[in-house]
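Chains as they are written, first to last, in the numbering used here: chain R, 1 to 116; chain G, 1001 to 1112.
There's no promise every hint is true.
No more than 30 Å apart at the CA atoms, straight line, and that leaves these computed lysine-lysine pairs for DSSO-like [said to hold, decoys possible]:
no.	chain 1	residue 1	chain 2	residue 2
1	G	Lys1077	G	Lys1049
2	G	Lys1111	G	Lys1052
3	G	Lys1052	G	Lys1068
4	R	Lys57	G	Lys1052
5	G	Lys1111	G	Lys1068
6	G	Lys1068	G	Lys1056
7	R	Lys57	R	Lys13
8	G	Lys1107	G	Lys1056
9	G	Lys1077	R	Lys57
10	G	Lys1060	G	Lys1077
11	G	Lys1068	R	Lys57
12	R	Lys13	G	Lys1060
13	G	Lys1104	R	Lys57
14	R	Lys57	G	Lys1060
Listed next, the stretches of chain R that the computed footprint assigns to chain G, with coverage defined by at least 3 CB atoms under 8 Å from CB atoms of chain G [claimed, not checked]:
no.	stretch
15	29–43
16	48–58
17	64–72
Hints were generated in silico from the structure; no laboratory data involved.
Where is the CB? At the ideal position from N, CA and C, for every residue including glycine.
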Amino acid sequence: KAGVTQTPRYLIKTRGQQVTLSCSPISGHRSVSWYQQTPGQGLQFLFEYFSETQRNKGNFPGRFSGRQFSNSRSEMNVSTLELGDSALYLCASSFTPSGSGADTQYFGPGTRLTVL
Amino acid sequence: GDSVTQMEGPVTLSEEACLTINCTYTATGYPSLFWYVQYPGEGLQLLLKATKADDKGSNKGFEATYRKETTSFHLEKGSVQVSDSAVYFCALHGGSQGNLIFGKGTKLSVKP
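Given these sequences and hints, build the entire structure.
Shown next as structure tokens:
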């Protein structure tokens, strides 16, 4: 089975621009979660989608948004980029909603976003 | 709220040395506990997990036991290899919020 794929792997943007990142979950998985990883803050939860509905959201400003399509692929969008948005953005998929606890989340390789 | 605390790194060991990375947690209810590993330039890989008290997760020679009485989930390996060099993250899934909560990560370097 193919793993979680994320595109693009690397991205360079300038302040004020917007960016869209894509995540394709493992086949059959319907839950997709997004995390931001930075050296200072570590791994922080952004949001989770299940069956095209946002189930949970972390403590991030409204500039961060996402959506999920009927084939479970997900995109996240960051508008009006700031220097502090430079990070590795990781997507994870699972079969059941992540609120089910014991179900494992499988991570993609991430998208490295650099904001200049 | 729920949180995970793991020992600060970096940790540098010689090949075949014993490894312990401490992890303690604070959570309401009965969380599931995980160890993930991140190799340079890659995403997170699940190393092992435990879903209830006294469960032992194990994989690739690594082990961790879910200790409810001490709210701990320490990662251990009897003999590390150079290929184990990576960053290790302890995480919990509390269920109430529906997302993983991670520790800060511990960087392990193993020298030949």
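Hints, one by one, checked against the model:
Between Lys1077 of chain G and Lys1049 of chain G the alpha-carbon distance is near 15 Å, which keeps this suggested pair within the 30 Å criterion. Distance check on the hinted pair: Lys1111 of chain G and Lys1052 of chain G sit about 35 Å apart at the alpha-carbon level, beyond 30 Å; violated. A hinted pair counts as satisfied when its Cα atoms are at most 30 Å apart, and Lys1052 of chain G with Lys1068 of chain G qualifies at roughly 9 Å. Restraint check for Lys57 of chain R and Lys1052 of chain G: satisfied, since their Cα atoms lie roughly 26 Å apart, inside the 30 Å limit.
Distance check on the hinted pair: Lys1111 of chain G and Lys1068 of chain G sit about 34 Å apart at the alpha-carbon level, beyond 30 Å; violated. Using a Cα cut-off of 30 Å, the hinted pair Lys1068 of chain G and Lys1056 of chain G holds, with the two alpha carbons roughly 12 Å apart. With a CA separation close to 25 Å, the supplied pair Lys57 of chain R and Lys13 of chain R stays within the 30 Å bound. With a CA separation close to 23 Å, the supplied pair Lys1107 of chain G and Lys1056 of chain G stays within the 30 Å bound.
The straight-line distance between the Cα atoms of Lys1077 of chain G and Lys57 of chain R is roughly 36 Å, outside the 30 Å bound, and the hint therefore fails. The suggested pairing of Lys1060 of chain G with Lys1077 of chain G holds, with an alpha-carbon distance near 9 Å, which does not exceed 30 Å. For a cut-off of 30 Å, the pair hint linking Lys1068 of chain G to Lys57 of chain R stands: about 28 Å separates their Cα positions. Only pairs whose Cα atoms come within 30 Å are accepted, and Lys13 of chain R paired with Lys1060 of chain G is rejected, the gap being roughly 39 Å.
A hinted pair counts as satisfied when its Cα atoms are at most 30 Å apart, and Lys1104 of chain G with Lys57 of chain R qualifies at roughly 20 Å. For the suggested pair Lys57 of chain R and Lys1060 of chain G, the alpha carbons sit about 34 Å apart, so the restraint of at most 30 Å is broken. Chain G is given as covering the stretch 29–43 of chain R, and this holds because 4 residues of the stretch bring a CB closer than 8 Å to a CB of that chain, at least three being needed. Closer than 8 Å: that is the beta-carbon criterion, and the stretch 48–58 of chain R has 4 residues meeting it against chain G, so the requirement of 3 holds.
Counting residues of the stretch 64–72 of chain R whose CB falls under 8 Å from any CB of chain G gives 0; the rule of at least 3 is not met.
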